[in-house]
Amino acid sequence: WGGGWSPNPNGRVLVVRNETVHEDPERRAVIEAVSDILAADPAAAATAELLEHLGHPDQRVRHRAQMELAVRGGWRPTAERPGEVTAAAPDVSAALERIVAAPDGGIAAVHAVWGLGQIARRDPESGWLLVNLTTHPDPEVRTQVLRTIADLGLPAGDRLVAALADEHAPVRAAAATAIGRSGGAGIDGGPRRVAELLLEVASREADADPVMRHALATALARAVPVPTLAAMDADSLVRASEAARVVLAV
2 WGGGWSPNPN GRVLVVRNET VHEDPERRAV IEAVSDILAA DPAAAATAEL LEHLGHPDQR
62 VRHRAQMELA VRGGWRPTAE RPGEVTAAAP DVSAALERIV AAPDGGIAAV HAVWGLGQIA
122 RRDPESGWLL VNLTTHPDPE VRTQVLRTIA DLGLPAGDRL VAALADEHAP VRAAAATAIG
182 RSGGAGIDGG PRRVAELLLE VASREADADP VMRHALATAL ARAVPVPTLA AMDADSLVRA
242 SEAARVVLAV
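To convert, take the position in the sequence shown, counting from 1, and add 1; that gives our numbering.
Think of the hints as simulated: they come from the structure by calculation, not from any bench.
All figures in this text were calculated on a predicted structure; none of them were measured in a lab.
Among the hints, a few may not be true.
[Unchecked claim] Quick list of the computed label-pair ranges, beta carbon to beta carbon:
(1) 190 to 169: 32 to 38 angstroms
(2) 58 to 231: 51 to 57 angstroms
(3) 42 to 9: 34 to 40 angstroms
(4) 61 to 24: 19 to 25 angstroms
(5) 9 to 133: 52 to 58 angstroms
(6) 168 to 37: 41 to 47 angstroms
(7) 92 to 61: 22 to 28 angstroms
(8) 24 to 53: 21 to 27 angstroms
(9) 13 to 40: 25 to 31 angstroms
(10) 140 to 32: 26 to 32 angstroms
(11) 64 to 26: 25 to 31 angstroms
(12) 229 to 32: 52 to 58 angstroms
(13) 41 to 129: 29 to 35 angstroms
Note that the Cβ used here is the ideal one computed from N, Cα and C, for glycine as well.
Using the sequences plus the hints, can you model the full thing?
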């Protein structure tokens, strides 16, 4: 510890180094290349290179690539580039969709989902590309797709209803959130049917999982008018327990 436990008034810089990784020539080369990638202007990189960087081991490289691809797809961080509008490159959205659709996309697919979500704020059609990916074989990708659909408020209707029955809890919670954010739009039967679907899930698992309870309660509050919920069969509300009672109490 240098000077022992007494604090150094000038501060300390601690370096952690994984020697096992650095002894591997291939992995060491990847690490050494990061400084060059971060020093370069991402706007000068080829689109193919940026797409490849979405799967890079270093999060900083992945994030920079995602941001630049989103810009090329039409997204603009207005705080940084006020008033600047350029033509979007539709091939970027298509390329990101292909990465997400790949069954073994891994972390690259997650960044591609987020990139499509950014682009969709300027080009709504890009958001609808995600609706076709709610059945992706990777549960983490499904979760991120649904969370992005929720952020965009897309009325994905039947796709969201199907996701409520997913075997993975984070996917079900994201589906409930998306239903709430869209106000239940696109679901046949209107608010009452939306309430029945959410209460059915709540009766099975909301009391055992606080994250799910919160997702269901907020979805009910956003998508179902309180009079509709209050007029439903009392036994249904009792079975649904906390999720419904929280909404009624608020």
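Comparing the hints with the structure gives:
Distance hint check: the CB atoms of residue 190 and residue 169 are about 26 angstroms apart, inconsistent with the given range 32 to 38 angstroms. With their beta carbons about 53 angstroms apart, residue 58 and residue 231 fall inside the hinted range of 51 to 57 angstroms. Range check, residue 42 to residue 9: about 38 angstroms between beta-carbon atoms, so the 34 to 40 angstroms window is met. Residue 61 and residue 24 have their C-beta atoms about 23 angstroms apart, which keeps the hinted 19 to 25 angstroms range intact.
For residue 9 and residue 133, the hinted distance range of 52 to 58 angstroms is satisfied, since their beta carbons lie about 57 angstroms from each other. Between residue 168 and residue 37 the beta carbons are some 43 angstroms apart, a value that agrees with the proposed interval 41 to 47 angstroms. The given range of 22 to 28 angstroms is respected by residue 92 and residue 61, whose C-beta atoms sit roughly 25 angstroms from each other. In this structure the hint that residue 24 and residue 53 lie 21 to 27 angstroms apart at CB holds, the actual value being about 25 angstroms.
In this structure the supplied range 25 to 31 angstroms holds for residue 13 paired with residue 40, their Cβ-Cβ distance being about 26 angstroms. Remark: the range hint 26 to 32 angstroms for residue 140 to residue 32 is upheld by a beta-carbon distance near 30 angstroms. For residue 64 paired with residue 26, a C-beta distance near 26 angstroms keeps the hint of 25 to 31 angstroms intact. Between residue 229 and residue 32 the CB atoms are about 57 angstroms apart, so this pair conforms to the stated range of 52 to 58 angstroms.
The given range of 29 to 35 angstroms is respected by residue 41 and residue 129, whose C-beta atoms sit roughly 33 angstroms from each other.
In the structure shown, a violation is registered for the earlier hint numbered 1 alone.
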